[in-house]
Amino acid sequence: MEKALSVKGLRKSFGDRVVLNGVDFDVAAGEFVVLLGANGSGKSTALRCVVGLAEADAGEVAIAGDRAAMVFQQIHLVRRRSVIDNVCAGGLAGLPLSRSLSPVLFPKDLRAKAMACLDRVGLADRAKDRAGSLSGGQQQRVAVARALCQGAGVLLADEPVSALDPAAATQVMSLLAELAHRDGLAVAAVLHQPDLARRHADRVLGLLHGEIRLSTSASDLSDVDIEALYAPDRVFA
Amino acid sequence: MTARKYLTAAIVIVVLGGAHVFAWQTTEVSPGALVDGWRGMARFLAEALPPDLDWDTVVQPGLEACLTTLAIGLLGTTLSIPAALLFAVLGTRGRNRIVYQVSRSVMSFLRAVPDVVFALVFVTAVGLGPFAGVLALICHNVGVLGKLWSEAMDEVDPGPADALRVSGAGEAQVVANAVLPAVVPALVGLLLYRFDVNVRSSLVLGLVGAGGVGFLINQSIQLFQFDQMATYILMVLVLIVAVDLLSAAVRRRLG
Ligand SMILES: Nc1ncnc2c1ncn2[C@@H]1O[C@H](COP(=O)(O)OP(=O)(O)OP(=O)(O)O)[C@@H](O)[C@H]1O
Ligand SMILES: [Mg+2]
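Residue numbers (this note's numbering), protein chains in the order written: chain A, 1 to 237; chain B, 1 to 255.
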């Protein structure tokens, strides 16, 4: 399969604390990969290095189309703005300032594209509502729509369902899986729920001691694998 | 260890006590003078009541002066916005250290000099009148508003800005579409609060010759027309309560 995201030898330290000690993984187009790992194992740091929010000390990141899109656990919408304006904000790259300094200036085709993305996550009817007035699960889907509006082929998600109730979590996970399987995106999500990974993902990676120590198809993910990742006797890096 | 604690406590008590004795003497506190002055106060009150409500000589000039006071407060606030915004942005955390230190120091200086002192300076520069008051308010308010604003900017959640940065948006696009929408309501709230304070300050500025109703109060005291002064003070009361209610109402709607 075609690799849409390829990470090789990613290293990152904060002071003397080595967080990532040579992380390698790939995600193919049309594949949904889940990244598991204990608190503090460096999952967020790895994603932030991939999208450029943090600078890696060493390593190579190759992304088809150059830029990955990302959704966050804390959703990070502008709550006072309308849903559609938030989605439009994902597609601002490359627009001249004269068309992007305020939502009233956003071009028609950007609005049309944003509307299509919103429709893709099933919230077209809420376009005009204030983002802050939606439920947590709906807001997370708006955040996914904003990421889609960027038009990237790679979508990363850092604990996208940790703040959601089980029904909303399932809805967002199904959406991410569909985006991979039906729309052909390469999707990688950090999760803390192995069960959700088993149910929705294609492949599961496990981060431990700054390296990828587990890589298995989701259907083969065993309790022993999980135990090894979260075992209480693990040594902190 | 406990002996040392007692010693520290004793030293603190002695020093604080000494400071109060010294303060008592320097400020010439004298309860006796207050008691003796009781008659003077009573006479003063008797003269102030009832207030002089003559339309032509007192009420109309008073109302006009209130408008001037309001105008000084308004312009002093509005005209300080550009400089306050500049220093606030330059004084947010995460900036170049030198730029940050310089803008914080400028704001501290402007804040440390009371607006009355600025007013006295400007009265000698541009003469008695409301313009001196406007200039004084601008100078002091740039320092205060700039500091309040840069703190509000520091508190903004960086998440939405990060989300847009990931998508490849430029810094100006990030500011316009993530930072400003989050921060503008807070900035407007602080601006209204400063308007409120500045209207009150412009009264005091009037006392030192910078126009408005404060100037009339000063005049009536110097001419011993305490009944006129009482009218002006009532007007001030109404003015301040009105401005306070207005800005509180607007801020509530923003929040
Ligand atoms: N900006 C930073 N400065 C210093 N240390 C950091 C910084 N960001 C992360 N770390 C450290 O890096 C380590 C990994 O953090 P990271 O957030 O990547 O973990 P995580 O796997 O996402 O954990 P969680 O499951 O709790 O989200 C932690 O020990 C954390 O303290
Ligand atoms: Mg994390």
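Treat the hints loosely; a few may be bogus.
Beyond 10 Å from chain B on every Cβ pair, some chain A residues (computed) [as the list claims (entries may be wrong)]:
#1 V51
#2 A62
#3 M70
#4 Q74
#5 L77
#6 V78
#7 A89
#8 P103
#9 G136
#10 S162
#11 A163
#12 P166
#13 L196
#14 I212
#15 D220
Pairwise CB distance ranges, derived in the manner of DEER restraints [unchecked claim]:
#16 B:V89 x A:P107: 26 to 32 Å
#17 A:D223 x B:T8: 56 to 62 Å
#18 A:S135 x B:R4: 40 to 46 Å
#19 B:V89 x A:S98: 18 to 24 Å
#20 B:V89 x A:K128: 38 to 44 Å
#21 B:L254 x A:S6: 46 to 52 Å
Hints listed in this document are in silico derivations from the structure and should not be mistaken for laboratory results.
No residue lacks a Cβ here, since even glycine has one placed at the ideal position from N, Cα and C.
Hints, one by one, checked against the model:
1. V51: violated (5 Å)
2. A62: The assertion about A:A62 holds, with a minimum of 17 Å to chain B.
3. M70: violated (5 Å)
4. Q74: violated (5 Å)
5. L77: Label violated. Min Cβ-Cβ 7 Å, cutoff 10 Å.
6. V78: violated (5 Å)
7. A89: Since the minimum Cβ distance to chain B is about 5 Å, A:A89 lies within 10 Å and the statement is violated.
8. P103: At roughly 8 Å from the nearest Cβ of chain B, A:P103 sits no farther out than 10 Å, so the non-interface label is violated.
9. G136: holds (15 Å)
10. S162: holds (14 Å)
11. A163: With a cut-off of 10 Å, A:A163 remains clear of chain B, as the shortest Cβ separation is near 13 Å.
12. P166: Per Cβ check, A:P166 is outside 10 Å of chain B; nearest 24 Å; holds.
13. L196: holds (23 Å)
14. I212: holds (22 Å)
15. D220: holds (32 Å)
16. B:V89 x A:P107: 26 to 32 Å: holds (28 Å)
17. A:D223 x B:T8: 56 to 62 Å: This hint holds: roughly 60 Å between Cβ atoms.
18. A:S135 x B:R4: 40 to 46 Å: Between A:S135 and B:R4, where Cβ atoms are some 59 Å apart, the hint is violated.
19. B:V89 x A:S98: 18 to 24 Å: holds (22 Å)
20. B:V89 x A:K128: 38 to 44 Å: violated (32 Å)
21. B:L254 x A:S6: 46 to 52 Å: holds (48 Å)
In this structure, the hints that do not hold are numbers 1, 3, 4, 5, 6, 7, 8, 18, 20, in rising order.
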